[in-house]
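Number of protein chains: 2
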Amino acid sequence: MTASASRSLSGGPECPAPLAGDRVQLGHGSGGKLSAQLVKDLFLPHLGNDVLGQLGDAAVVPMVGIELAVSTDTFVVSPIEFPGGNIGSLAVHGTLNDLAMQGARPRYLTAGFVLEEGLPLATLDRVVAAMARAARDAGVLLVAGDTKVVERGRADGLYVNTTGIGALEADFRPAPDLVRPGDVLLVSGAIGRHGMAIMAAREGLSFRTAITSDSACLAPLVERLRAASPADVHALRDPTRGGVASALNELATASGVGVEMDEGSLLVPDDVRAACEVLGLDPLYVANEGILVGFVAPAAADAALAALQAHPLGRDARVIGRATVDHPRLVVLRTRLGGSRVVDLLPGDQLPRIC
Amino acid sequence: MTASASRSLSGGPECPAPLAGDRVQLGHGSGGKLSAQLVKDLFLPHLGNDVLGQLGDAAVVPMVGIELAVSTDTFVVSPIEFPGGNIGSLAVHGTLNDLAMQGARPRYLTAGFVLEEGLPLATLDRVVAAMARAARDAGVLLVAGDTKVVERGRADGLYVNTTGIGALEADFRPAPDLVRPGDVLLVSGAIGRHGMAIMAAREGLSFRTAITSDSACLAPLVERLRAASPADVHALRDPTRGGVASALNELATASGVGVEMDEGSLLVPDDVRAACEVLGLDPLYVANEGILVGFVAPAAADAALAALQAHPLGRDARVIGRATVDHPRLVVLRTRLGGSRVVDLLPGDQLPRIC
Chain A
1 MTASASRSLS GGPECPAPLA GDRVQLGHGS GGKLSAQLVK DLFLPHLGND
51 VLGQLGDAAV VPMVGIELAV STDTFVVSPI EFPGGNIGSL AVHGTLNDLA
101 MQGARPRYLT AGFVLEEGLP LATLDRVVAA MARAARDAGV LLVAGDTKVV
151 ERGRADGLYV NTTGIGALEA DFRPAPDLVR PGDVLLVSGA IGRHGMAIMA
201 AREGLSFRTA ITSDSACLAP LVERLRAASP ADVHALRDPT RGGVASALNE
251 LATASGVGVE MDEGSLLVPD DVRAACEVLG LDPLYVANEG ILVGFVAPAA
301 ADAALAALQA HPLGRDARVI GRATVDHPRL VVLRTRLGGS RVVDLLPGDQ
351 LPRIC
Chain B
1 MTASASRSLS GGPECPAPLA GDRVQLGHGS GGKLSAQLVK DLFLPHLGND
51 VLGQLGDAAV VPMVGIELAV STDTFVVSPI EFPGGNIGSL AVHGTLNDLA
101 MQGARPRYLT AGFVLEEGLP LATLDRVVAA MARAARDAGV LLVAGDTKVV
151 ERGRADGLYV NTTGIGALEA DFRPAPDLVR PGDVLLVSGA IGRHGMAIMA
201 AREGLSFRTA ITSDSACLAP LVERLRAASP ADVHALRDPT RGGVASALNE
251 LATASGVGVE MDEGSLLVPD DVRAACEVLG LDPLYVANEG ILVGFVAPAA
301 ADAALAALQA HPLGRDARVI GRATVDHPRL VVLRTRLGGS RVVDLLPGDQ
351 LPRIC
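Residue numbers (our numbering), protein chains in the order written: chain A, 1 to 355; chain B, 1 to 355.
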């Protein structure tokens, strides 16, 4: 299980309760504790193997002398179209980013559609166009596809799976379990935009400024980091479902380190903050689709930060914290007021169907 | 587009009418003319490239000195469980078979689930177990996965995408456009079982014998053919959506040959024939998930047939026709009564949601 599902394999500091009830709940797809539980208690007993058990965003598959990275992700975002993109561009960015976080150079993509009878062809056309544009811009080739149609009321417009293949090299292999105490925690930009763009579109909220999703391919940013100091980039993650809070929890658990984050250094756009307040959400848990968090060796932190800032996507890159020997596997937020609180995984959905 | 979608790129002898209406219809997912039209008029203008334009079941992607085969397929079969398998085993077999038809040795699989809120966990457990068993039996590794959950009424139990990666070698490269006049047409077993098993389960039909899906991994059969005479195996196809009739049409079109098929040599199990009569269906158009059709050079036909028959899955293998220089791009059935009729592609769904 890649993406949040595989990351959730690392579990959290607490052990979730055994599977409750006998039916799938919405929270099982949330990327939080319920997802982790489903993977641990149901999928892994059947499917577990060394590759699937890796905690990365993409599977590393040795093959005739080289190693490929493979990642799969199904997109069910509602609404299909939103400020800053649609399900097509999102499906390309999301899967390519999973490859990039593993240190792979994305090369190939597949797309599998489930279409609901009655979906306007014009909508589908826009989605496919956005997908094509995103793939072209990223320099990847969509190499296989499949389309199924189901009856009205058996889907919600359309769903799309993308699977990506990337090339891995030995000199650049960031991984979730390679964070070391002292590593500097970087984020490449403002947080919370994708999730709140979706929520605002879904709820018909109108703010003074329309919130735009940050959906973007992060591979160019990763290339900059790689060029700056490949061996010092210890772990990378795109904080999608579950937001920065969940991504950092997963890295902390995988590496057995504590993470300290400074609230004051996080960039939350005003419109995101306002929308979060209206809806009672914490921006730390809101999905992003165009930023990365990374842990780099202290000596390389300045160079890594400069490398990110030199790219338009990383213009707002900043240091937001560090890895510690204290409170292993816990993420602690130092608040603006000088206090601190533990930032835990959420049990289930804060925002369903966000990707 | 792999599977029926990519094959349909070859079109049919007639040119379909332009896209009618402005909405997706069920027939757009059928693998027939409407599917081909959607691919040609909507997907390819955006996404077309040399790899996607190949007519095979799996994409061939050159990568650092070797070539991979990649195939993706989303499964929406209803019901989820049926005699002979469930959506999990089907999703493994279907994608591995697409790789095998390309001459690739299947190696890796990914799985992307869309689960409907309220799906019994016990059902999901059976599906995942069947998936694991099928992958293990085939000797492939499931290397990445993803799970999404949508609200009740936004799916139909569960859908699953599988994407497969296989290894290709230069000495064995059957392809849809390599059929030559004179080639012998083989089929590895009885036709119509998968589609009629689904229809019988769906309609609650009860026949004296329950029809069992033929769902199976065909890679071992392909290995036998390869061992027998690799250069003489010109084209292979698993006749899934649209059945043997559609598969042969696609090969005839891709290779520019005519195909003659002898009705009397086709093996249609009695229960399949009876169910087809009740429902007014033609077994030639009914989906199979555990047989292959192949065109082999005449000199190698006996060896190829013997190779198939030596494996349990190919026990009922037989010669059912040949490729001709006559009526290029048309499939003609020589009937038991000595007549002949053209076997064309269907415009849309004979059987929706069969895979």
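If you're looking for bench data, these hints aren't it; they were derived computationally from the structure.
Please note that a few of the clues may not be correct.
Ranges of calculated distance between the beta carbons of each label pair, as one might list FRET restraints [unchecked claim]:
id, chain 1, residue 1, chain 2, residue 2, range
1, B, E169, A, D41, 38 to 44 Å
2, B, A122, A, A231, 55 to 61 Å
3, A, I66, B, R133, 27 to 33 Å
The following residues of chain A were derived to be distant from chain B, with all beta-carbon distances above 12 Å [to be verified]:
id, residue
4, P120
5, A155
6, A300
7, V342
With a cut-off of at most 20 Å between alpha-carbon atoms, the simulated EDC-like pairs for lysine to aspartate or glutamate come out as follows [said to hold, decoys possible]:
id, chain 1, residue 1, chain 2, residue 2
8, A, K40, A, D344
9, A, K40, A, D177
10, B, K40, B, E263
11, A, K40, B, D125
12, A, K40, B, E117
13, B, K40, A, E117
14, B, K40, B, D22
15, B, K40, A, D125
16, B, K40, B, D177
Owing to the predicted nature of the structure, the values given are computational and were not obtained by experimental measurement.
Idealized CB from N, CA, C, for every residue including glycine.
Outcome of the hint check:
no.: 1; hint: B/E169 <-> A/D41: 38 to 44 Å; in the structure: holds, 40 Å
no.: 2; hint: B/A122 <-> A/A231: 55 to 61 Å; in the structure: violated, 48 Å
no.: 3; hint: A/I66 <-> B/R133: 27 to 33 Å; in the structure: holds, 30 Å
no.: 4; hint: P120; in the structure: violated, 6 Å
no.: 5; hint: A155; in the structure: violated, 6 Å
no.: 6; hint: A300; in the structure: holds, 28 Å
no.: 7; hint: V342; in the structure: holds, 27 Å
no.: 8; hint: A/K40 <-> A/D344; in the structure: holds, 19 Å
no.: 9; hint: A/K40 <-> A/D177; in the structure: holds, 19 Å
no.: 10; hint: B/K40 <-> B/E263; in the structure: violated, 32 Å
no.: 11; hint: A/K40 <-> B/D125; in the structure: holds, 12 Å
no.: 12; hint: A/K40 <-> B/E117; in the structure: holds, 19 Å
no.: 13; hint: B/K40 <-> A/E117; in the structure: holds, 19 Å
no.: 14; hint: B/K40 <-> B/D22; in the structure: holds, 16 Å
no.: 15; hint: B/K40 <-> A/D125; in the structure: holds, 12 Å
no.: 16; hint: B/K40 <-> B/D177; in the structure: holds, 19 Å
When the structure is compared with the earlier hints, violations turn up for hints 2, 4, 5, 10 and for no others.
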